[in-house]
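For chain X, the structure is supplied; the task is to place chain P on it using the hints.
Protein chains: 2
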Amino acid sequence: MENTINEQTTTQVMTPEQFLEQYQGHRRLTRRVIEAFPEKEFFNYSIGGMRPFAEMTKELFAIAVPGLTEIVSGKTVEFDEHRDYGSTKADFLKKWDQDTEEINKLWSQISLERFQEEIKLFGQYEGTVLSSIQYFVDNEIHHRAQGYVYLRALDIEPPFFYDRS
Amino acid sequence: MENTINEQTTTQVMTPEQFLEQYQGHRRLTRRVIEAFPEKEFFNYSIGGMRPFAEMTKELFAIAVPGLTEIVSGKTVEFDEHRDYGSTKADFLKKWDQDTEEINKLWSQISLERFQEEIKLFGQYEGTVLSSIQYFVDNEIHHRAQGYVYLRALDIEPPFFYDRS
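If you read the protein sequences in the order shown, they are chains X and P.
Residue 98 in the working numbering sits at position 98 of the first sequence, with consecutive numbering throughout.
Residue 38 in the working numbering sits at position 38 of the second sequence, with consecutive numbering throughout.
Be a bit skeptical, because a hint or two may be false.
As the list claims (entries may be wrong) - Straight-line Cα separation of at most 20 Å, SDA-like style, residue types lysine to any residue; simulated pairs:
(1) Lys40(X) <-> Phe161(P)
(2) Lys58(P) <-> Phe136(X)
(3) Lys58(X) <-> Tyr162(P)
(4) Lys120(X) <-> Thr76(P)
(5) Lys120(X) <-> Phe161(P)
(6) Lys120(X) <-> Thr88(P)
(7) Lys120(P) <-> Gln22(X)
(8) Lys120(P) <-> Gly48(X)
(9) Lys120(X) <-> Gln22(P)
(10) Lys120(P) <-> Gln18(X)
(11) Lys40(P) <-> Gly48(X)
(12) Lys120(X) <-> Gln18(P)
Said to hold, decoys possible - Label pairs and their in silico Cβ distance ranges:
(13) Glu157(X) <-> Glu55(P): 17 to 23 Å
(14) Thr11(X) <-> Lys105(P): 22 to 28 Å
(15) Thr76(P) <-> Asp155(X): 16 to 22 Å
(16) Glu21(P) <-> Ser108(X): 39 to 45 Å
(17) Tyr125(P) <-> Asp84(X): 28 to 34 Å
(18) Gly74(X) <-> Asp91(P): 25 to 31 Å
(19) Arg32(X) <-> Tyr125(P): 37 to 43 Å
(20) Ser87(P) <-> Phe161(X): 25 to 31 Å
(21) Ser111(X) <-> Asp91(P): 29 to 35 Å
(22) Gly74(X) <-> Ser87(P): 53 to 59 Å
(23) Asp80(X) <-> Glu17(P): 31 to 37 Å
(24) Gly86(X) <-> Gln98(P): 49 to 55 Å
(25) Asp91(P) <-> Thr88(X): 19 to 25 Å
(26) Gly49(X) <-> Lys94(P): 39 to 45 Å
The hints are simulated quantities; they were obtained by calculation from the structure and are not laboratory data.
For glycine and all other residues, C-beta sits at the position ideal for the given N, C-alpha and C.
If we strip away everything but chain X, and leave its shape as in the complex, we get (with noise of 0.2 Å):
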């Protein structure tokens, strides 16, 4: 049984622990724009009609650890990305800290198999746990690059992309 166990682990293309690294490593580099924002640009800055980071930063609490919950638990979540977290950005960051801890106990719970698992997530997104939780992924890349195009406009270096630290 260990050897079979050891013989998998060697063979995945991407194991559990590395996919939650990769999402916790693109967290961390969200978390560092997040501190980059002045206080009122976090809420109120925009370009081109698009949102402020703080209501970006929302859709990524509403699809993170509900997203997570609805996977482990089989039963569907509702996705609102409207829900009030505070009007600081230490209110934010907090949030922000707790979800790293639930999300890596939702982690733990979700065996290789279920990967391949077909879903509904969010009653309405169809997908396998992978392609689910890669979207999670991929869209949090794609709204914190819309954060550094405001911290660049707003003449803020932003952090270093590939520093996951």
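Quick look at chain P alone, frame taken from chain X:
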């Protein structure tokens, strides 16, 4: 042997084919972002001192096929994001489509076992084959999202993020 391969496939978090499909799905979306730019703005438009989208696209060209060529051949390839691909969007789109085919060909030469292999890409970036290619995808999402902000600022509706067809 047939059974062994099938068993491995069913217990993969992500198969090599799924990884390729994630990459090519993102590349199809990036292609639509290039198409969405007006000819002139593709080469000239910028926010906050950032590069025009054509220059970001040159970076993507410098990574995808050269990076996979190094992974397949084991021979260090030079990273050069300033190569000349022509002066029109049509030139860039032609190169884009050539690379799509080339990526498929190169990918088919990467065996499942290689994704966990440690490499030093372009002679300098240390990681596994997995983390290197994840970086290719993540970096493309990152720069493409900056293109989304450019398009919004130009009052052009970008393609839907979730459409990878």
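Results for each hint:
no., hint, result
1, Lys40(X) <-> Phe161(P), "violated, 28 Å"
2, Lys58(P) <-> Phe136(X), "violated, 27 Å"
3, Lys58(X) <-> Tyr162(P), "holds, 18 Å"
4, Lys120(X) <-> Thr76(P), "violated, 43 Å"
5, Lys120(X) <-> Phe161(P), "holds, 19 Å"
6, Lys120(X) <-> Thr88(P), "violated, 42 Å"
7, Lys120(P) <-> Gln22(X), "holds, 19 Å"
8, Lys120(P) <-> Gly48(X), "violated, 40 Å"
9, Lys120(X) <-> Gln22(P), "holds, 19 Å"
10, Lys120(P) <-> Gln18(X), "holds, 19 Å"
11, Lys40(P) <-> Gly48(X), "holds, 19 Å"
12, Lys120(X) <-> Gln18(P), "holds, 19 Å"
13, Glu157(X) <-> Glu55(P): 17 to 23 Å, "holds, 19 Å"
14, Thr11(X) <-> Lys105(P): 22 to 28 Å, "holds, 23 Å"
15, Thr76(P) <-> Asp155(X): 16 to 22 Å, "violated, 38 Å"
16, Glu21(P) <-> Ser108(X): 39 to 45 Å, "violated, 27 Å"
17, Tyr125(P) <-> Asp84(X): 28 to 34 Å, "violated, 42 Å"
18, Gly74(X) <-> Asp91(P): 25 to 31 Å, "violated, 50 Å"
19, Arg32(X) <-> Tyr125(P): 37 to 43 Å, "violated, 21 Å"
20, Ser87(P) <-> Phe161(X): 25 to 31 Å, "holds, 28 Å"
21, Ser111(X) <-> Asp91(P): 29 to 35 Å, "violated, 48 Å"
22, Gly74(X) <-> Ser87(P): 53 to 59 Å, "holds, 54 Å"
23, Asp80(X) <-> Glu17(P): 31 to 37 Å, "holds, 35 Å"
24, Gly86(X) <-> Gln98(P): 49 to 55 Å, "holds, 50 Å"
25, Asp91(P) <-> Thr88(X): 19 to 25 Å, "violated, 49 Å"
26, Gly49(X) <-> Lys94(P): 39 to 45 Å, "violated, 33 Å"
Of the numbered hints stated above, those contradicted by the structure are hints 1, 2, 4, 6, 8, 15, 16, 17, 18, 19, 21, 25, 26, listed in ascending order.
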